[in-house]
Structures are given as C-alpha cells and as structure tokens.
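Note that the protein sequences, when read in sequence, are chains A and B. Under my numbering, residues 1 to 217 are what the first sequence spells out, in order. Under my numbering, residues 1 to 217 are what the second sequence spells out, in order.
Everything hinted at is true.
Restricting the straight-line Cα-Cα distance to at most 25 Å, the calculated cross-link-like pairs of lysine-lysine (DSS-like) are:
| id | chain 1 | residue 1 | chain 2 | residue 2 |
| --- | --- | --- | --- | --- |
| 1 | A | Lys70 | B | Lys46 |
| 2 | A | Lys60 | B | Lys46 |
| 3 | B | Lys70 | A | Lys70 |
| 4 | B | Lys46 | A | Lys46 |
A short, non-exhaustive set of chain B residues, derived as facing chain A with CB atoms under 8 Å:
| id | residue |
| --- | --- |
| 5 | Arg186 |
| 6 | Val189 |
| 7 | Ala210 |
Calculated from the structure, these hints are not laboratory results. Please read these numbers as outputs of a predicted model, since none were measured by experiment. By construction, the Cβ of each residue, glycine as well, lies at the ideal position given by its N, Cα and C atoms.
There are 2 protein chains.
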Amino acid sequence: MVAVMRSHPDLPTEPNARIGRPRSAEADRAILAATRAALVELGWSKLTMGDVATRAGVAKTTLYRRWAGKSELVVDAVAVLFDELELPDLGSLVADVEAMVLRFAALLERPETRTAMMAVVAEATRDEALRKRIRVAIVDRQKVLVLQGRARAQARGELPYERDPVTAAHNADLIFDVIAGAVVHRTLVSAEPVDPAWARRFTRLLLHGASAVTPRP
Amino acid sequence: MVAVMRSHPDLPTEPNARIGRPRSAEADRAILAATRAALVELGWSKLTMGDVATRAGVAKTTLYRRWAGKSELVVDAVAVLFDELELPDLGSLVADVEAMVLRFAALLERPETRTAMMAVVAEATRDEALRKRIRVAIVDRQKVLVLQGRARAQARGELPYERDPVTAAHNADLIFDVIAGAVVHRTLVSAEPVDPAWARRFTRLLLHGASAVTPRP
DNA sequence: GGCTTTCGCTACGGCTCGTAGCGTAACTCC
DNA sequence: GGAGTTACGCTACGAGCCGTAGCGAAAGCC
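Assemble the whole structure, with the sequences as input and the hints as a guide.
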C-alpha cells in the first residue's frame with residue numbers, strides 16, 4: 001500500500017536495503033491520516049494536495065514523491081478502513097450475510113468513504129492503473145469475504161458444493177457484485193439508510209429470490 | 001430538465017409568457033450536446049466549463065446563467081440518454097429482466113455515462129440539491145421500470161400481489177437497488193462486461209435466490 | 001569521508017474558476 | 001413605436017490549485 005513510484009527498481013543491489021536516506025514511515029502515517037481528516041472536513045472535491053501537506057506537516061513535494069496525484073493518495077488513505085471488515089460467524093448463512101451487510105454499510109456511511117469511494121471509481125473509469133490499485137487495495141479484499149462466507153455455508157450444508165470451478169468463480173463474482181452493488185446503491189445513490197430491516201429484506205431476497213419476498217398465501 | 005436558476009419566479013404576470021428576451025432553446029441543445037462530446041473525449045475530470053462553452057459556440061457566462069456548475073450541467077446532459085430506456089415485453093418475467101439488464105448495462109458502458117455517473121453521485125454525497133436533481137432526472141425514471149415490470153409479472157401470475165402497500169414499496173425499492181446496484185458495480189467497479197451469460201445468471205439469482213444458482217443434484 | 005536519496009522550502013508558469021461590467025439583441029407591455 | 005426587461009457575447013480580472021524545478025540540509029549506506 002505504500003512504496004510507490006520509486007525512481008528505479010532494485011537493479012543494482014539486493015532487493016532489501018537500498019542506499020540513501022530512507023523514506024519516513026512517520027510521514028506516510030501522517031499524510032494518510034491528514035487525508036482522511038481532510039476528506040471528512042472538506043469532501044473529495046475540495047480536498048487539495050497542498051492542504052493535505054500542510055495538515056500532515058510535510059512539504060507538498062513530499063506528497064508528489066510518493067503518490068502520483070489525489071486519486072492514488074485517497075485510495076491508499078481509505079483502503080486501511082476496509083481492512084477492518086471481518087466476516088462474523090453467527091452460526092447461519094442468513095445471520096452472517098445480514099451482519100456483513102450492516103458492517104459494510106456502516107463503513108460506507110462514514111463521511112470519508114462516502115465521499116471518496118465513488119469519486120475514485122469515477123476517476124478510474126479512464127485510468128487502468130488506478131483501477132488496478134483500487135482492485136488490489138480494496139475490492140479484492142472484500143471479495144475474499146464472500147468466498148469465506150460461501151465456504152462456511154457449504155460446510156454447514158446451507159449451500160451446495162459446486163463441481164465446476166468456473167461456475168463457482170462466476171457465482172462468487174456475481175454474488176459479490178450483487179451484495180456490494182446493492183449496498184452501495186442504497187447508500188450512495190438512493191441515499192437511504194441500510195438498517196437491520198433492510199438488511200433482513202435484502203438477505204431474504206438474495207437467498208430465496210424475488211418470488212419469495214412476499215410468500216404466497 | 002431545463003429552466004433553471006431563473007432570477008425570480010412568475011409573480012407579476014400570468015405563468016406563461018414572461019417578459020424580456022427569452023432563453024435560446026438552441027443554445028441549450030448545443031450546450032448539452034457539447035457536454036456529452038466533451039465527456040467522451042476528455043472524461044469527467046478534464047472537462048471544463050470553458051471548453052464546453054467553446055464547443056457549443058456560446059459564451060462561458062451563458063453556461064453559468066443556466067447551471068450552477070459542472071455537476072448540474074453534466075446531470076442534465078446525461079439524463080436524456082436514460083430516457084431512451086424502455087421496458088421490453090417479451091412475454092415472461094425472466095426474459096424481461098434479462099433484456100432490461102442488458103439495455104441498462106449497454107447504457108452504462110457508453111463513455112459519456114461511464115465517466116459521468118459515478119462522478120456526479122460522488123459530488124452529490126455532499127450536496128443535497130444535486131442529489132435531488134439526480135433523483136428526479138435519472139433515478140426515479142428508472143425506478144418506474146421496476147414498477148412496470150412488477151405489474152406485468154403480477155398480471156401474468158409470475159409474482160404475487162402484495163396487500164400491504166408499504167411492503168410493496170419496500171420491495172420495489174429493494175429490487176431496484178439490487179438490479180441497478182449490481183449492474184453498476186459489475187460495470188464500473190469490477191470493470192467486467194455485462195454479457196448475456198451474466199445477465200442470465202443474475203436474473204436467475206434475483207428471481208430464485210443464491211440457493212438455486214447451482215441446483216442440487 | 002564519499003555517495004545517494006529524501007526532506008523542507010521557495011518560487012514559478014499554467015490552467016480553471018466564477019464574476020463583473022459593458023454594449024447589443026430579442027421580446028413584451030403600453 | 002417607445003419603454004422596460006431579460007438574455008447574450010465579449011473581455012478582463014483576482015483567486016486558487018496544479019505540478020515541477022532548484023536549492024541546501026539531513027540521513028542513511030559503502
């Protein structure tokens with residue numbers, strides 16, 4: 001997540017231990033924290049590199065030595081928040097999904113992530129490198145949770161084991177897009193809260209389908 | 001969709017027929033078209049008001065007389081594209097949903113919408129007025145399609161009629177967030193194509209649930 | 001001590017923003 | 001036809017941010 005834009009890769013010496021003055025890890029910490037603070041106070045669009053540098057007590061040039069621009073910086077600043085996400089084990093697939101939805105939504109409702117996520121994804125539509133950065137720093141880590149949840153549910157006998165690995169991967173990707181997409185859309189586009197009642201309705205829909213949301217009399 | 005920021009509402013005379021030089025409808029057309037062209041060529045972040053004005057053959061001040069800023073302008077410019085969305089009647093709920101998903105995805109894969117949608121939603125997280133503008137200009141019109149689809153499916157006997165109107169509204173909102181959210185997430189975050197195969201898998205999941213994506217032997 | 005890299009600082013050209021001020025054009029009401 | 005009102009194109013401007021260059025000093029390796 002750190003260590004970006006080094007002038008030239010490790011050709012001369014062995015991979016670890018480069019020469020010259022090392023980069024201050026403390027500065028990294030301060031910059032990322034300052035970025036999150038600025039996101040909360042100003043939001044994505046009014047956040048400027050100069051302001052972040054001032055908040056962090058660092059020169060503006062130091063920022064540009066490590067991050068190519070605002071988008072890359074914000075991705076790294078927000079990514080650590082997603083690392084706190086964990087899949088709870090509540091004994092049943094329904095309970096696990098519901099809890100996961102609520103945790104994910106709580107994260108998206110924080111002002112930092114709320115204003116940052118959509119913005120960086122928007123930037124990424126025209127920037128392949130940024131897209132990859134978002135994927136490895138944020139998206140892929142969430143997708144792991146889906147895989148964990150499925151494995152648990154299969155062990156419990158709540159979901160069938162898939163024989164074809166291609167189908168299995170397809171299903172995992174699909175379910176991930178549905179869960180993340182629905183929560184994001186509800187939170188950021190519809191701008192309505194993801195409360196326990198919504199999580200319950202959504203989970204019911206996800207597991208049993210639209211035909212079952214209102215059971216026939 | 002037009003007619004914004006008029007200096008004072010129609011107090012003196014009757015509602016229609018205001019005094020003074022009327023606004024050029026041709027200019028509106030040219031500006032919105034220029035905005036879409038700029039979105040395609042430059043993308044959201046590099047689009048500037050001055051550039052749009054030049055493309056449209058209009059003075060920059062004319063833009064600011066009608067739109068408060070970039071976000072509002074782009075919302076209106078993209079909104080007309082969503083008006084082309086229609087719900088096909090293919091005889092079954094499955095076929096209708098699949099077709100709708102593909103049409104919606106095709107719209108999101110266009111360069112104009114691709115770069116614009118996420119960006120304006122990101123701006124809207126800190127701007128209630130902009131959020132409302134997006135809702136009435138884009139979101140609510142799509143939600144109607146869900147209501148249409150449900151009505152048809154109910155008439156066909158594919159979905160149960162809901163007695164409680166509150167539950168009915170909840171379900172419609174939920175299904176809307178799931179469909180739109182999943183397609184948007186797949187297209188813009190996962191950055192993978194929504195092809196007929198994906199649409200089929202998604203529709204199956206939506207209608208019958210995760211327990212049914214891989215039928216038990 | 002030599003070498004290399006990072007750091008803070010200052011300064012800069014370039015771009016975009018959003019507005020003000022003007023004279024002119026278009027339209028309505030009397 | 002004239003008076004009143006609003007929209008338009010144009011120019012100019014201060015303000016803010018961007019991203020970089022150039023410097024001397026600091027902090028590590030050989």
